[in-house]
Each structure stands twice: as structure tokens, then as C-alpha cells.
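Following UniProt numbering, the numbering of the sequence shown begins with 1 at its first residue and continues without gaps.
Everything labelled a hint here was simulated from the structure, so no lab data went into it.
A couple of the hints might just be wrong.
Derived DEER-like restraints, expressed as beta-carbon distance ranges [stated by the list, open to error]:
1) N4 to L151: 26 to 36 Å
2) L19 to K124: 30 to 40 Å
3) I163 to Q139: 15 to 25 Å
Every residue gets a Cβ at the ideal spot worked out from N, C-alpha and C, and that includes glycine.
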Amino acid sequence: MKLNKYEVGKRYGKALFELAETKQVLEEVFQDVQVLRQIFTEVPNLGDVLSNSKLAMTEKDQIIETLTSEFQGLLKQALFVIYRNQRMNDLLYIIADFEGRYYEKMGVLPVKVTTTVPLNKKQKEQLVTKLKTQFGYAQIEITEAIDPTILGGVVVETKNQVIDGSLKTRLNQIKKSLSK
Numbered sequence: 001m002k003l004n005k006y007e008v009g010k011r012y013g014k015a016l017f018e019l020a021e022t023k024q025v026l027e028e029v030f031q032d033v034q035v036l037r038q039i040f041t042e043v044p045n046l047g048d049v050l051s052n053s054k055l056a057m058t059e060k061d062q063i064i065e066t067l068t069s070e071f072q073g074l075l076k077q078a079l080f081v082i083y084r085n086q087r088m089n090d091l092l093y094i095i096a097d098f099e100g101r102y103y104e105k106m107g108v109l110p111v112k113v114t115t116t117v118p119l120n121k122k123q124k125e126q127l128v129t130k131l132k133t134q135f136g137y138a139q140i141e142i143t144e145a146i147d148p149t150i151l152g153g154v155v156v157e158t159k160n161q162v163i164d165g166s167l168k169t170r171l172n173q174i175k176k177s178l179s180k
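Using the sequences and the accompanying hints, generate a full structural model.
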């Protein structure tokens, strides 16, 4: 049975997390994972390149050597295992699972907030207070995104939930109700 990307991410992410926790290098691995996420965000097709069967192994080996030179210890070893098992195109799923486990252990709720303009300090504080109450976390980590197409309001994404308070969605709902 072939595993989908989410299952692969869960298995490898869990293994990396548990190993980092056992070896007491969780914080170090988390910091390295953040750097790795940034690399894969800046070069979005890197995983596909490293998994491409048409590319010569020597070329892929050179790329992985360059990539892993940024890291030491556990993450470097994990990257070699992921590479040897031809799972580099699943790396962002592995990172996401690891981060989810890390944040859960630390009692942090990561939240993506989309608005049309950046939130000011007071708005952020109000949002954090509301999210703490709603989700029961002591610490909230907000990642902001700007999207003028939502027209106004806010869209909050966390824990596989979307709270859509955007003006665009409200207008679409009014439009649907009027067309009935």
C-alpha cells in the first residue's frame, strides 16, 4: 500500500520529534527545521528535483551534500535517511508534522492571520486574547499574511480550522441568500 504525503509526513515527523526529544536536542532540531523550511520555501521545487528519477544520482548527491552542509547532528542524519528513502518531495509535510508536535508540547498555538492591511499592536493583542480564550492555549504564535482580495475583515487558520470573518465571504453569503 502506497502512503500518501500526509501519512509519510506523520511517520517521519513523529520519528524525528521522538528522536530529538529522546536525545534532548528538541530545541536545536526545531531551530534547524525552521531554517530547512525557509530553504524549501525559497526553492519550492527542491524536493521534486531531489526525487526526480531523470536526474543523475551524482547530481542529486551534490545537491544533498550542499543542503546538509547547513546542518549538524540529528537533522543532518534525518535528511540523509529521507533522501535515501526518496522522500525529499514529502519534506514539507514532515516539517509540518514535526512543528505541530513541537508546538503542542510547548503549549503554543500557531495561527495564520490573513488581513488586507497589517494588524496594529492593539489589534494583535485583542486577537491573541480572544484566541487564548477560544482555544485554551497560554501562548499564541501569529503569522500574518496580507491578501487584499478578502476586501476587509480577518481570516484565522489554526488546528485545521478556518474562521473566515472576511468581507468577501460575507458579501458572497448575502449574494447567495438574495439569489434564493
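Contradicted hints - numbers only
none
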